[in-house]
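Using the sequences and the hints, build the whole thing.
Protein chains: 2
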Amino acid sequence: LHDFGTLGTIQGVESEGDLPIKNWTLGSWEEGAYKISGQMLAETIQTGHHACHACTIRCGKEAKVTVGPYKGAIGHAPEYETGAAFGSLILNDNLEIIAACNDLCNRYGMDTIEAGSTIAMAIEAYENGLLTKRDTEGIELKWGIKEELLEILKKMANNKVGIGRLLAQGVKRAADEIGGIAPEFAIQSKGQAFAMHDPRAYTTMVADYATCNRGGCHLECLGYFSEGGAYSAKCVDFTKPSEPHGYENKGEYAVRLMNFMTVFNSLGLCKFIMLGQITPEMASQWINAATGWNLTGKDVELAGDRLFNIKRMYNNRLGLSRKDDVLPQRMLLHDRQTGAAAGSLPYYSRIMKDLYDYRKWNAEGIITEEKKKELGLDTL
Amino acid sequence: LHDFGTLGTIQGVESEGDLPIKNWTLGSWEEGAYKISGQMLAETIQTGHHACHACTIRCGKEAKVTVGPYKGAIGHAPEYETGAAFGSLILNDNLEIIAACNDLCNRYGMDTIEAGSTIAMAIEAYENGLLTKRDTEGIELKWGIKEELLEILKKMANNKVGIGRLLAQGVKRAADEIGGIAPEFAIQSKGQAFAMHDPRAYTTMVADYATCNRGGCHLECLGYFSEGGAYSAKCVDFTKPSEPHGYENKGEYAVRLMNFMTVFNSLGLCKFIMLGQITPEMASQWINAATGWNLTGKDVELAGDRLFNIKRMYNNRLGLSRKDDVLPQRMLLHDRQTGAAAGSLPYYSRIMKDLYDYRKWNAEGIITEEKKKELGLDTL
Numbered sequence: 001l002h003d004f005g006t007l008g009t010i011q012g013v014e015s016e017g018d019l020p021i022k023n024w025t026l027g028s029w030e031e032g033a034y035k036i037s038g039q040m041l042a043e044t045i046q047t048g049h050h051a052c053h054a055c056t057i058r059c060g061k062e063a064k065v066t067v068g069p070y071k072g073a074i075g076h077a078p079e080y081e082t083g084a085a086f087g088s089l090i091l092n093d094n095l096e097i098i099a100a101c102n103d104l105c106n107r108y109g110m111d112t113i114e115a116g117s118t119i120a121m122a123i124e125a126y127e128n129g130l131l132t133k134r135d136t137e138g139i140e141l142k143w144g145i146k147e148e149l150l151e152i153l154k155k156m157a158n159n160k161v162g163i164g165r166l167l168a169q170g171v172k173r174a175a176d177e178i179g180g181i182a183p184e185f186a187i188q189s190k191g192q193a194f195a196m197h198d199p200r201a202y203t204t205m206v207a208d209y210a211t212c213n214r215g216g217c218h219l220e221c222l223g224y225f226s227e228g229g230a231y232s233a234k235c236v237d238f239t240k241p242s243e244p245h246g247y248e249n250k251g252e253y254a255v256r257l258m259n260f261m262t263v264f265n266s267l268g269l270c271k272f273i274m275l276g277q278i279t280p281e282m283a284s285q286w287i288n289a290a291t292g293w294n295l296t297g298k299d300v301e302l303a304g305d306r307l308f309n310i311k312r313m314y315n316n317r318l319g320l321s322r323k324d325d326v327l328p329q330r331m332l333l334h335d336r337q338t339g340a341a342a343g344s345l346p347y348y349s350r351i352m353k354d355l356y357d358y359r360k361w362n363a364e365g366i367i368t369e370e371k372k373k374e375l376g377l378d379t380l
Numbered sequence: 001l002h003d004f005g006t007l008g009t010i011q012g013v014e015s016e017g018d019l020p021i022k023n024w025t026l027g028s029w030e031e032g033a034y035k036i037s038g039q040m041l042a043e044t045i046q047t048g049h050h051a052c053h054a055c056t057i058r059c060g061k062e063a064k065v066t067v068g069p070y071k072g073a074i075g076h077a078p079e080y081e082t083g084a085a086f087g088s089l090i091l092n093d094n095l096e097i098i099a100a101c102n103d104l105c106n107r108y109g110m111d112t113i114e115a116g117s118t119i120a121m122a123i124e125a126y127e128n129g130l131l132t133k134r135d136t137e138g139i140e141l142k143w144g145i146k147e148e149l150l151e152i153l154k155k156m157a158n159n160k161v162g163i164g165r166l167l168a169q170g171v172k173r174a175a176d177e178i179g180g181i182a183p184e185f186a187i188q189s190k191g192q193a194f195a196m197h198d199p200r201a202y203t204t205m206v207a208d209y210a211t212c213n214r215g216g217c218h219l220e221c222l223g224y225f226s227e228g229g230a231y232s233a234k235c236v237d238f239t240k241p242s243e244p245h246g247y248e249n250k251g252e253y254a255v256r257l258m259n260f261m262t263v264f265n266s267l268g269l270c271k272f273i274m275l276g277q278i279t280p281e282m283a284s285q286w287i288n289a290a291t292g293w294n295l296t297g298k299d300v301e302l303a304g305d306r307l308f309n310i311k312r313m314y315n316n317r318l319g320l321s322r323k324d325d326v327l328p329q330r331m332l333l334h335d336r337q338t339g340a341a342a343g344s345l346p347y348y349s350r351i352m353k354d355l356y357d358y359r360k361w362n363a364e365g366i367i368t369e370e371k372k373k374e375l376g377l378d379t380l
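Protein chains in written order, with this note's numbering: chain C, 1 to 380; chain F, 1 to 380.
It is possible that some hints are incorrect.
Heads up, the list lumps identical chains together, so a pair's fine if it works in one copy or across two of them.
Stated by the list, open to error - Once the Cα atoms are required to be at most 20 Å apart in a straight line, the calculated SDA-like pairs of lysine to any residue come out as:
{"hint": "1", "residue 1": "323", "residue 2": "191"}
{"hint": "2", "residue 1": "323", "residue 2": "215"}
{"hint": "3", "residue 1": "323", "residue 2": "378"}
{"hint": "4", "residue 1": "190", "residue 2": "176"}
{"hint": "5", "residue 1": "353", "residue 2": "246"}
{"hint": "6", "residue 1": "22", "residue 2": "146"}
{"hint": "7", "residue 1": "353", "residue 2": "326"}
{"hint": "8", "residue 1": "35", "residue 2": "81"}
{"hint": "9", "residue 1": "142", "residue 2": "364"}
{"hint": "10", "residue 1": "154", "residue 2": "135"}
{"hint": "11", "residue 1": "360", "residue 2": "307"}
{"hint": "12", "residue 1": "323", "residue 2": "176"}
{"hint": "13", "residue 1": "353", "residue 2": "338"}
{"hint": "14", "residue 1": "22", "residue 2": "364"}
{"hint": "15", "residue 1": "311", "residue 2": "372"}
It should be emphasised that the hints constitute simulated quantities derived from the structure, not laboratory data.
So, in C-alpha cells, the structure goes:
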C-alpha cells in the first residue's frame with residue numbers, strides 16, 4: 001500500500017476473478033490490469049505520495065496528468081476503485097487517461113465509481129442500438145474509449161442538456177430513461193453503482209450489495225477483503241467455514257463484518273488498519289481511551305448492529321423492503337467463462353435467507369419486534 | 001377427474017407442498033383442503049357434470065349456488081385453480097362461497113386466478129396497514145373472509161371508483177399503486193398472477209413462471225404436472241434426473257415441456273389427455289390425420305420451439321429481456337416451515353442459466369443469431 005497505493009492491488013484482484021471487466025461480463029484481463037496497475041503508475045507518471053495526518057501507510061499517490069485539458073497538473077493519482085471504473089470496466093488500458101479522469105472527477109466533485117459505471121452502461125446501450133451517435137452528440141461510445149472519456153465527463157459535469165444530462169443522473173436513472181433492455185447493463189442496487197468487487201468472486205458481497213443501506217457499497221462490509229485473505233473473520237468471532245464461491249454461512253459472515261464496519265465508518269477509521277487484524281475488543285479500547293467510557297468488544301458489535309438496523313428502519317419507513325434487496329440479473333445468471341471465479345453463480349436464495357434469519361428480519365425484510373427489543377430500539 | 005373434477009386434486013396438491021396457502025406463506029392446510037375438495041363438492045352442492053364435445057373424461061362439474069346474490073342458480077362448479085385462488089390462498093374454507101365467487105367471475109368475465117390473487121395481496125396490505133378500512137369502504141380485509149369476497153368481486157366488476165377500481169387493475173398494478181412494501185405481496189411475473197402451483201415445490205416452475213411469454217402461467221409448461229408424477233418427461237425424450245426441489249437439469253426439462261405445450265395450446269388440445277402419456281410423435285400423427293401433412297414428432301417439437309421463440313422475440317421488441325425473467329422475492333427467500341416442500345428455496349441462478357443455455361438465448365435473454373438460423377427465424 002505504501003509503495004503502490006490501492007491501485008497496486010489491481011493485478012491481484014484480477015487474478016482472483018474479483019475485477020469487473022467490460023461492464024462485469026469478462027473474467028480476466030491480465031495484460032490490461034498490468035498496464036493500469038499501481039506498479040506501472042510508480043514507474044511512469046507518479047510524482048509523490050500523500051497521506052492522512054500522521055499515517056505511516058501513506059496509501060495516497062500523486063501523479064502528473066499528461067493528457068487532456070489539465071495536462072501538466074499534479075493531483076491525486078487514481079486509487080483502485082477509480083482504476084477499475086475507468087479502466088477494466090470499459091477496457092481502457094491507458095493509465096494516463098485514467099489519471100486524467102480521476103483528476104476531472106475530483107475537480108468536478110463527481111464520484112468516480114458511479115461515473116465509470118454509468119459510462120460502461122452507456123457503452124453497452126450504444127452497442128445494442130439503444131443510444132445512437134445522435135444521442136451521444138457524435139461520440140463513438142465503444143469499449144476501450146480513451147480521450148472520449150474526458151469529453152463525456154465534462155458533458156456530465158455541465159449536465160444541462162443531451163448526453164451529459166442523461167448520464168449525470170447516474171447508472172440506474174440513466175438506464176431507466178434509455179429504456180428497453182438498458183437496465184440489464186446498469187450494475188447497481190438501490191440506485192447506487194456497485195463498487196469494483198464482484199459478488200460472483202466473493203459471494204459474501206451478494207449479501208452486502210443486496211442489503212447495504214446505501215446500495216452497492218463496499219464500505220459497509222469488507223467481505224471481499226476478508227474472503228480475499230486480507231482480514232481474518234475470526235477477529236469478529238466468525239469461525240464457520242466459508243468457501244469464496246459458496247453459500248454456506250455467508251449471511252452470518254456478512255452480518256458480522258457489516259456490523260463492525262458500521263462502527264468503523266461512524267468513527268471515521270481507516271479500513272486499511274484492518275490489515276493489522278483489528279478486533280472489536282481493540283476498537284473498544286481506542287474508544288475508551290478517547291472517551292473515558294468502559295466499552296467491551298461485545299458493546300462495539302452491539303453498537304454496529306444498532307446502527308445498521310436504525311438505518312434499515314429508516315429505509316423501511318421510506319417503503320424499502322425485501323423487494324429492494326435484489327441484485328442485477330448479470331450477477332446471478334452470467335457465468336464468466338474465464339478467470340478464477342469462472343462459472344460461479346451465487347445461490348442468492350440461501351445466502352439471503354441465512355442473512356435474514358441471522359439479522360432476525362421477517363420475511364418482508366422488516367426487523368422483528370424481538371430483535372428491536374434486543375437492540376433497545378423498540379421505541380423507534 | 002371424472003368423479004371429482006380438477007378440484008378433486010386439491011388434497012393431493014396440498015400434501016405435495018404445491019398448494020398456495022395464505023398468499024404463498026404457509027406449507028400445509030390439510031383440514032381446509034379437505035373442506036373445499038372436489039370430493040366434498042360431490043357430496044354437497046354438486047348437481048351434475050359437463051364436458052367438452054364427445055369427451056369421456058367430463059372433468060367439468062355443475063353446482064347449485066347456495067349463498068349470495070345468485071342463490072339457487074346452477075352454474076359451473078369451481079375448478080382446482082379457482083378453489084385454490086378463493087380458498088387456500090385466502091384461508092377461506094367455505095366451498096359454497098368459492099362456488100359463488102366462481103359463478104360471479106364467470107358472469108362478469110373475470111379471471112378467477114387474478115381476482116383471488118389480487119384480493120390475497122390486498123389482505124396482506126391491509127394487515128400491514130397499507131390499506132385502511134376507509135380505503136376498503138368499510139370491509140374488514142382479513143384472512144378467511146367469506147361473504148366479503150362476493151362484495152369485493154362486485155366492486156371490482158363495477159370498477160369505476162374506490163377499492164373496486166384499485167383491485168380491478170390486477171395484482172401487480174394494484175400493489176404498485178398501494179405502494180410501500182405492497183409489491184412484496186403481489187405474487188406475479190410480467191404482470192400476471194401466478195397459477196396455483198408453487199415453484200418451491202416443483203422447481204421446474206421457476207423456469208416456467210420466469211420465462212413464460214405471458215407471465216405466471218401454468219399452461220405454457222406442465223412442470224408441476226410432470227414433476228408431480230402425472231406425466232412422464234420421457235415422453236418428450238427427457239431422461240436426465242430431476243429432483244422436485246433441486247436445480248440440476250431443470251432448465252432443459254422446462255424447455256422440453258414448454259415447447260410441446262406451446263403446440264398443444266395452439267392446437268387447442270386438452271391438457272388432461274397428457275395423462276395418457278402423449279408424445280410429440282402421437283401428436284404429429286393426429287396433425288397428419290387432420291391435415292394430410294407428413295410431420296414427425298421432431299417436427300412437432302421444432303414447431304413448439306419456433307412458436308415459443310417467436311413470442312419471445314415479440315416480447316423482446318417490446319423491451320422485455322432477462323431483467324424481466326424474475327420471480328417475486330417470496331418464491332426465492334420464504335422457506336415455508338411445514339408441508340412436503342418445507343425449506344425448499346430454489347437455486348434460481350443455476351436453473352435459469354441452464355434454461356438460457358439450452359434455449360441458446362444470450363446473456364441478456366435475447367435469442368442468438370445461431371438459434372434463429374436453426375429455427376429458420378433469422379429473417380424476423
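Please work out whether the CA atoms of residue 22 and residue 146 approach to 20 Å or closer within one copy, between two copies, in both situations, or in neither? Close inside one copy (14 Å), not across copies (56 Å); limit 20 Å.
Classify it for me, residue 35 with residue 81: is the Cα-Cα distance of at most 20 Å met within a copy, between copies, both or neither? within (15 Å within a copy, 61 Å between copies)
Could you figure out if residue 353 and residue 338 sit no more than 20 Å apart (CA to CA) within one copy, between two copies, both or neither? between (29 Å within a copy, 16 Å between copies)
Copy assignment of residue 190 with residue 176, given that the CA separation must stay at most 20 Å: Result: close both inside a copy and across copies, 13 Å intra and 17 Å inter.
Within a copy, between copies, both or neither: where do residue 323 and residue 176 come within 20 Å Cα-Cα? both (18 Å within a copy, 12 Å between copies)
Between residue 353 and residue 326, at a C-alpha cutoff of 20 Å, which is it: within one copy, between copies, both, or neither? both (13 Å within a copy, 17 Å between copies)
Are the CA atoms of residue 323 and residue 191 at most 20 Å apart within a copy, between copies, both, or neither? The answer is both: 14 Å in one copy and 15 Å across copies each meet 20 Å.
Which holds for residue 22 with residue 364 at a C-alpha limit of 20 Å: within a copy, between copies, both or neither? Result: close only across copies, 15 Å inter versus 34 Å intra.
Copy assignment of residue 353 with residue 246, given that the CA separation must stay at most 20 Å: Both. Shortest intra-copy (14 Å) and inter-copy (17 Å) distances satisfy the 20 Å Cα cut-off.
Is it within a copy, between copies, both, or neither that the alpha carbon of residue 311 lies no farther than 20 Å from that of residue 372? within (13 Å within a copy, 49 Å between copies)
Within a copy, between copies, both or neither: where do residue 323 and residue 378 come within 20 Å Cα-Cα? neither (24 Å within a copy, 38 Å between copies)
Evaluate residue 360 and residue 307 at a C-alpha cut-off of 20 Å and name the case that applies: within, between, both or neither. within (15 Å within a copy, 46 Å between copies)
Checked against the numbered hints above, the structure violates only hint 3.
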